[in-house]
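There are 2 protein chains.
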Amino acid sequence: MNKVITIGREFGSGGRELGRKLAEEMGIAYYDKEIITEIAKRTELSERYVKTIVERRPVFSYPVHVGRSFLSVNTANVIQSSAVYAEQCNLLKEFAEKSDCVIVGRCADYVLNEYDPFKIFVYADMQSKINRCKARIEGGEEKSDKEIRKYIKSIDKHRAKYYEFYTGHVWGDKLMYDICINTTDKDIESIVPHLAKMI
Amino acid sequence: MNKVITIGREFGSGGRELGRKLAEEMGIAYYDKEIITEIAKRTELSERYVKTIVERRPVFSYPVHVGRSFLSVNTANVIQSSAVYAEQCNLLKEFAEKSDCVIVGRCADYVLNEYDPFKIFVYADMQSKINRCKARIEGGEEKSDKEIRKYIKSIDKHRAKYYEFYTGHVWGDKLMYDICINTTDKDIESIVPHLAKMI
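Going down the list, the protein sequences come from chains A and P. Going by the working numbering, the letters in the first sequence line up with residues 1315 to 1513, in that order. Going by the working numbering, the letters in the second sequence line up with residues 1315 to 1513, in that order.
These are computed hints drawn from the structure, not numbers from a lab. Careful: at least some of the hints might be erroneous.
All copies of an identical chain are treated as equivalent in the list; a pair is satisfied when it fits inside any one copy or across any two copies.
What the hints assert, rightly or not - Once the Cα atoms are required to be at most 20 Å apart in a straight line, the calculated EDC-like pairs of lysine to aspartate or glutamate come out as:
no., residue 1, residue 2
1, Lys1365, Asp1346
2, Lys1488, Asp1470
3, Lys1317, Asp1499
4, Lys1511, Asp1499
Only a predicted model underlies this, so the values are computations on that prediction, with no experimental measurement involved.
Hey, can you work out the whole structure from these sequences and the hints?
Okay, here's the thing in structure tokens:
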């Protein structure tokens, strides 16, 4: 069975960087944005639209009770989200079958459970995440800490709800991972070689 | 400044074993039960009594309101617990000043914050902790899973309350640690050398 490493991460914690460098260090495949591109190709939806869907769980409208019948609005939206999620699951399994790999996000730790992945969660304290965002996001330096904090919280809220919706588990609950790494004041580059050996 | 490594751990997760082996691997001091012995010596209380105190927070009795005066029962108990905790803090700082070291439990991550310790939390799923306890605790094999689960939960409940009482933080909250390691189905021996290098 191929070695599969999944990475869950808080926004701004450097989880993506850690994943990419880990894949380089181990000389194995790395999947992140490629997943969106491939799903877009397969479902014939735009990349931008797929990105929105895979980062947000479907929004159910409450059924409207009329007499004895239930009417639900927005069903098409839900069906499309579910179809994209199903396609994503297929794709992740194809990656896991193909070769050793690192996969960032996408509930891969849960979806690929049968492949016995090594599951990493990357996190950091808020100020460290704000600093990382300021340095790396386009236009980040012009934003205030307050604005960036709000942005980080909103992204992570969506990630948490998405994860909970599709897996039934709490996002970031340490019991779901083999190792949780706090990147506050850490140089990711220096962690990677030892982490690779540990895996 | 000396390299200080603190280890918080769930009961049955193998955290103590990990700490001891880590200290051996790095060739540095290891403190665990020695702390109890030393405090007992300094406070002239029995080791058994100190062990009870350092593993449980003091139990405050609610003050009884009589007219304009407040009477509190059990004050002596609280004062003694606080004195033992204070002695423990002094001792931990002495260890940190003396040489590089690994310290298991005792809120050392919080008490030694000024020494910038590398903070590890060790955890595992319940079945794995039960199996570890059965194999390692005296008479463990004769106990049922249910009995051991109850025992584990009771110990960890005390650890959590003790930690929260003295630090004001949530025990096991991953943000309090540099790295959290899930030992479920893991061989601790094989983790240690790479962990030592990472630190």
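Q. Which hint numbers does the structure go against, in order from smallest to largest?
A. none
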